Structure formats: C-alpha cells, structure tokens
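Got chain A sorted already, so can you dock chain B onto it with the hints?
2 protein chains.
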Amino acid sequence: MFGSWVPAGTSWENYVKEIQTVERDEKSGDLYILMIFKNGKKSRVKNHRVRSRCPQRLLDFYEAHLSV
Amino acid sequence: MFGSWVPAGTSWENYVKEIQTVERDEKSGDLYILMIFKNGKKSRVKNHRVRSRCPQRLLDFYEAHLSV
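From first to last, the protein sequence lines are chains A and B. No gaps in the numbering here: position 52 of the first sequence is 682 in the numbering used here, and each next residue is one more. No gaps in the numbering here: position 53 of the second sequence is 683 in the numbering used here, and each next residue is one more.
Chain A on its own, in the form it takes in the complex:
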C-alpha cells in the first residue's frame, strides 16, 4: 500500500498532504515516515530524506502528537 514515490524537487513542503505516522524499522532500527502526497501517492520514506525535504511538515506531525 505504501510505495516509494517522492516528488522530484528539493523541497516537498508544498506537496505533502499528510504525515500519517513515524515507525521504526524492526531490522535496521532506522526511522521511516509514512506519508501521503497531494497527488494521492502513499509512500514510506527514510527519515533523513523527509528531514531535509520537508522539515516543517515533520515538525507539524511531532507537535500534533505531543503529550505536553
């Protein structure tokens, strides 16, 4: 269901519809972001790419899930 499509440009800030969740890969321990783009594509993307391409959308996600 979640593929690997991502936008071509260096900034994805305006292409993200929603970050659905953040998960840790069981084998590698790496973080992956499950996200939905405005074109309807659902992708599972390595954390470091999301941090560099759309840091503000990732910050939105973390703030929305704060417990404070």
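Simulated from the structure, these hints should not be mistaken for laboratory data. Mixed in with the good hints there might be a few duds.
[What the hints assert, rightly or not] Selected chain A positions facing chain B (in silico; Cβ < 10 Å):
1. F632
2. S634
3. T651
4. E653
5. R654
6. L661
7. N677
8. R681
9. P685
10. L689
11. F691
12. E693
13. L696
14. V698
The structure displayed is predicted, hence computed values, not measured ones. All C-beta atoms, glycine included, are put in the ideal place defined by N, C-alpha and C.
For chain B alone, coordinates are given in the frame of chain A:
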C-alpha cells in the same frame, strides 16, 4: 534561569548545544522551547522562532523522545 538571548543570524543550527524540553504555556497555550546555546546562555524561545531558525535541532529533540 531561562532568559531570552538568541543568536543574531537567521540560522541557529550550529549555535545550539541542547534543546532541554518543550513546554506549553499555561495561559496562552503556545509552545515554548527551553534551550541551551553553545555560549552557555539558557533561553526560553517561542516555538515558531525555533522552527524557522533551527528546525534540524528541534527534529533531533523530537526523535530522541519518540516512543516508537
């Protein structure tokens, strides 16, 4: 103990020693970041300024406190 000093430039990424915590202001409901700069200054800064000046350091903080 936490003041309001911040670096002069538009990027603080290399001036941050540590983000200590994120807290919600009881009256306004706004988020504030309690952070320590490399010069030893401890500051309480509005979330939106930290997001724009050092998003990568703020992402570091959230990742370090993930429960996944």
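Verification of the supplied hints:
Taking 10 Å as the C-beta contact cut-off toward chain B, the hint placing F632 of chain A at the interface is violated, the least distance being around 16 Å. Below 10 Å, beta-carbon pairs count as interface contacts, and S634 of chain A has none with chain B, the closest being about 20 Å; its hint is therefore violated. Using the Cβ-Cβ criterion of 10 Å, the hint placing T651 of chain A at the interface with chain B is satisfied: the shortest such distance is roughly 8 Å. Hint on E653 of chain A holds. Least Cβ distance to chain B is approximately 6 Å, under the 10 Å limit.
For R654 of chain A, the interface hint holds, since its Cβ comes within 10 Å of a Cβ in chain B; the closest pair sits about 5 Å apart. For L661 of chain A, the shortest C-beta to C-beta distance to chain B is roughly 7 Å, which falls under 10 Å, so the interface hint holds. Against a cut-off of 10 Å between C-beta atoms, the interface hint on N677 of chain A holds, since the closest Cβ of chain B lies about 8 Å away. The interface hint given for R681 of chain A is met, as the beta carbon of that residue sits about 6 Å from the closest beta carbon of chain B, less than 10 Å.
The interface hint given for P685 of chain A is met, as the beta carbon of that residue sits about 4 Å from the closest beta carbon of chain B, less than 10 Å. The interface hint given for L689 of chain A holds, since its Cβ lies 6 Å from the closest Cβ of chain B, which is under the 10 Å cut-off. Given hint, F691 of chain A at the interface with chain B, holds; its Cβ is 9 Å from that chain's nearest Cβ, closer than 10 Å. With a cut of 10 Å, the hint placing E693 of chain A at the interface with chain B holds, because the nearest CB-to-CB distance is about 7 Å.
Look at L696 of chain A: its Cβ gets to within about 7 Å of chain B, closer than 10 Å, so that hint holds up. Checking V698 of chain A against chain B: minimum C-beta separation of about 5 Å stays under 10 Å; hint holds.
Violated hints, in rising order: 1 and 2; the structure is consistent with all others.
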